[in-house]
Amino acid sequence: EPEVTQTPSHQVTQMGQEVILRCVPISNHLYFYWYRQILGQKVEFLVSFYNNEISEKSEIFDDQFSVERPDGSNFTLKIRSTKLEDSAMYFCASSERGFRGYTFGSGTRLTVV
Amino acid sequence: GQQVMQIPQYQHVQEGEDFTTYCNSSTTLSNIQWYKQRPGGHPVFLIQLVKSGEVKKQKRLTFQFGEAKKNSSLHITATQTTDVGTYFCADFNSGGYQKVTFGTGTKLQVIP
Chain A
1 EPEVTQTPSH
11 QVTQMGQEVI
21 LRCVPISNHL
31 YFYWYRQILG
41 QKVEFLVSFY
51 NNEISEKSEI
61 FDDQFSVERP
71 DGSNFTLKIR
81 STKLEDSAMY
91 FCASSERGFR
101 GYTFGSGTRL
111 TVV
Chain B
114 GQQVMQIPQY
124 QHVQEGEDFT
134 TYCNSSTTLS
144 NIQWYKQRPG
154 GHPVFLIQLV
164 KSGEVKKQKR
174 LTFQFGEAKK
184 NSSLHITATQ
194 TTDVGTYFCA
204 DFNSGGYQKV
214 TFGTGTKLQV
224 IP
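Heads up: the protein sequence lines correspond to chains A and B, in order.
Residue 113 is where the first sequence ends in my numbering, and the numbering goes up by one at each step.
Residue 225 is where the second sequence ends in my numbering, and the numbering goes up by one at each step.
It is possible that some hints are incorrect.
Simulated pairs of lysine-lysine, DSSO-like, Cα-Cα distance not exceeding 27 Å [said to hold, decoys possible]: (1) K42/A / K149/B; (2) K170/B / K57/A; (3) K212/B / K57/A; (4) K183/B / K78/A.
So these bits of chain A aren't anywhere near chain B, every CB distance computed over 12 Å [said to hold, decoys possible]: (5) V4; (6) V19; (7) N28; (8) V47; (9) S66; (10) P70; (11) S73; (12) T76; (13) I79; (14) E85; (15) D86; (16) S87; (17) R97; (18) R100; (19) G101; (20) R109.
Derived by calculation from the structure, the hints in this document are not laboratory data.
C-beta atoms are modelled at their ideal positions from N, C-alpha and C, and glycine is treated no differently.
Generate coordinates for the entire structure from the input sequences, incorporating the hints supplied.
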């Protein structure tokens, strides 16, 4: 079964530092997403990415956030200056054309101290 | 904005009992999806419902989409400890770039 791979599984960072979360989506998928989940809460949409550009973003996804697909396989989420409230589990997901549901990665737990 | 609410928020059942979670939207849903998230895990896609009034079954799980496409339900018959987790409904907007908006989730605990 193809998988979405996320690294690292856990990241601890100091407030104000930049972090990059990495994802390798499933190779034949065309749509890529970042979601976050604060502990015990619902899964919140951050951004969707298609055809090498952002297709939609939420209110959460402000100027501190950016996404990139620097090569044919990686998909990254950068947070420029982390805040305490950015502490959450960040999930990458991908889907194919003719949608069959998202495939989520195992997530990166970001802890901002 | 769109709100997708689920009730109950938490449910404890004895193993073997049935369980139902209800999903309600403030606006008409495009398509409804259901995901399961095990404790400490990531959401896993279960199913998608598209048509008004649609009913689908997966073994002990029965999924329904309301006639007005503003609500949905997931019913589990004879729960097992492997059913433990949080069940999310989600609105799949096929008109956008396949964006999924998750509901608030129902956390199921099964007591052996």
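Here's how the hints hold up against the structure:
1. K42/A / K149/B: holds (12 Å)
2. K170/B / K57/A: violated (34 Å)
3. K212/B / K57/A: holds (10 Å)
4. K183/B / K78/A: violated (36 Å)
5. V4: violated (9 Å)
6. V19: V19/A is indeed farther than 12 Å from all Cβ atoms of chain B, at 19 Å.
7. N28: Holds, because the least Cβ-Cβ distance between N28/A and chain B comes to about 15 Å, which exceeds 12 Å.
8. V47: The claim is violated: V47/A sits with its nearest Cβ about 10 Å from chain B, within 12 Å.
9. S66: About 18 Å separates S66/A from the closest Cβ of chain B, which puts it past 12 Å; holds.
10. P70: The assertion about P70/A holds, with a minimum of 20 Å to chain B.
11. S73: holds (20 Å)
12. T76: T76/A is indeed farther than 12 Å from all Cβ atoms of chain B, at 18 Å.
13. I79: holds (20 Å)
14. E85: holds (19 Å)
15. D86: It holds; D86/A is separated from chain B by about 19 Å at its closest Cβ, greater than 12 Å.
16. S87: The assertion about S87/A holds, with a minimum of 16 Å to chain B.
17. R97: violated (9 Å)
18. R100: The claim is violated: R100/A sits with its nearest Cβ about 8 Å from chain B, within 12 Å.
19. G101: Violated, since 3 Å does not exceed 12 Å.
20. R109: Nearest chain B Cβ is 10 Å from R109/A, so the label is violated.
Hint violations for this structure: numbers 2, 4, 5, 8, 17, 18, 19, 20, all remaining hints satisfied.
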